[in-house]
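Novice: Now for the letters of each chain:
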Amino acid sequence: MTAGSYDRGSFRDPTSRVSIHSGRVQRVLTDRGGADWHALRAAPSYMSWVDAGMLVGSEEITADQGLVLEHPTIPFWTYPYEWTFGMLQEAALLHLKLLAAALAEGLTLKDATPYNVQFVGTRPIFIDVGSFRPLEAGEPWLGYRQFCQLFLYPLLASSHAGLSFQPLLRGNLEGITPGDARAILSGHKRKPGVLTDVMLQARADRKVTSRDVRTELSEAGFKKEMILANISRLEKLVSKLEWSQDSSTWSEYASCDHVATQRTPKAEFVREVAGQTRRHLVWDLGANDGHHSIAVADLADHVLAIDGDALVLDRLFKALRREGPTNVLPVVMDLSNPSPGLGWRGQERKRLEERGRPDLVLMLAVVHHLVIGANLPLTEVINWLATLGSEVVFEWVPPEDPMSKKLATNKRAGEIHADYHEDICRNLLAEHFVVNDERHLEGRILFHLIPRS
Amino acid sequence: MRFIAYLDAGTGSMLVQAILGGTAGLIVYLKTTGRRLFRRSKATGNSET
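Taken in order, these protein sequences are the chains called U and D.
For the record, in the first sequence the residue sitting at position 5 is 5 according to my numbering, with numbers rising by one throughout.
For the record, in the second sequence the residue sitting at position 41 is 494 according to my numbering, with numbers rising by one throughout.
By construction, these hints were calculated from the structure, which means they are not laboratory data.
Glycine included, every Cβ here is placed at the ideal spot set by N, Cα and C.
Any given hint could turn out to be false.
Simulated restraints, written as ranges between beta carbons of each label pair [what the hints assert, rightly or not]: (1) U:Asp-31 x D:Arg-489: 48 to 58 Å; (2) U:Ala-319 x D:Leu-483: 41 to 51 Å; (3) D:Ala-496 x U:Glu-242: 20 to 30 Å; (4) D:Arg-489 x U:Gly-324: 32 to 42 Å; (5) D:Arg-489 x U:Glu-353: 28 to 38 Å; (6) D:Leu-483 x U:Ser-22: 56 to 66 Å.
Generate the whole structure from the sequences, applying the supplied hints.
Specialist: Below is the structure:
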């Protein structure tokens, strides 16, 4: 394994680097990283964390590079700026729970980033065993500030100020600074967590000095019980936070007449197609309340319910947590502005397509939103769809459809791309796909497309 | 001139978590503050003599 073959998301940790090759996830540890791993493995509770699904499993393997761990693969990587409020909240609680458990074993977590958590369906799992290390005497929780910036402030901004945290986390991978959190939450000082974790910390930030505070605290008798008291307080704070938004652009979409009447026949067609072979990964683009994601869940190993509306996906996440199925993963993403590569050289956080390809894509009642709503030429949309190399269930929504007309209400003649026409759509589809089946549904057409190559 | 950008911005957060770490944590915070003030006054006293 060479330095260049490491996963770009792990290279910042000098003691523990990850490589992903041929479906195998391996972590190469330095001597320091190896000593920390042995301390973790020796903790009496370690296996119970793995067995409970809180922490990723690890197996030591023999390799030339020294100590190497192999982990199970994560079906599909998502990032905090693609999670719903409930998902970030669950990830925060998992982090606090693991940290408290680690402290009880004389260990600590050296960082506090949600990028150390992944979701397998609706279940969060901590994936970075390299974050654990022995706690030094008198040492404070070094990750507290990072926890605030990447977990707590985004949750507070949503819960108290009604702000969407996803664009803030996507805009800055380090999260929301105490100063920015103060600006966002200054009108909410009486709400939980604002005075203590935001205002106090923003003030402390202004008074930063070159003092060796770590030594000062240690000499003054700082103990892990104080970290535990802080964690317990944060657990209560985070678990009580709610995102109480009543409605959003698409939150009532499922109750629209045309959606209600077409749901059953659409779901039947989707299941017919999906059931033709066992599917590994299905992407449901424009999933809304996840009706079709759930419809195919038993026919696939994993389903991504992708939608730009964080509220409908948050409701979906909570419903899935309560009732299942457990293999559907909500992903908040605007298809007309999908997640780009981010971080150092744009490679630390990957684009959607770089993280795995689906073998079936559902694109139902989406195309008119992209072409009429987001002004993307139809040619662009279908060319992009073809790059995925997957089978597709594609719904054509004609310009004369009531929903297309609604989207075009404020547009003048000639302001809709001229290629938005059924004949052109068929030609474009035929360039890249074989139409295996099609079904007509009140003016709309469902296509089952198979890629040509 | 204070080169704040070169300083560890987590320093303030460490003190904040002592304050938020319950009564015992608050005592630790007060101790660190007291010790600093004591050292500072001692240093000032020395320079005056």
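Novice: Now tell me, hint by hint, if it's right for this structure.
Specialist: Structure-based check of all given hints:
For the pair Asp-31 of chain U and Arg-489 of chain D, the supplied restraint of 48 to 58 Å is violated, since their beta-carbon distance comes to about 37 Å. Judged by the Cβ atoms, the range 41 to 51 Å given for Ala-319 of chain U and Leu-483 of chain D holds: they are separated by roughly 48 Å. Here the CB-CB span from Ala-496 of chain D to Glu-242 of chain U is close to 51 Å, at odds with the stated 20 to 30 Å. Restraint check, Arg-489 of chain D to Gly-324 of chain U: a C-beta distance of roughly 56 Å breaks the suggested window 32 to 42 Å.
Between Arg-489 of chain D and Glu-353 of chain U, the C-beta spacing of about 54 Å breaks the proposed range 28 to 38 Å. Range check, Leu-483 of chain D to Ser-22 of chain U: about 57 Å between beta-carbon atoms, so the 56 to 66 Å window is met.
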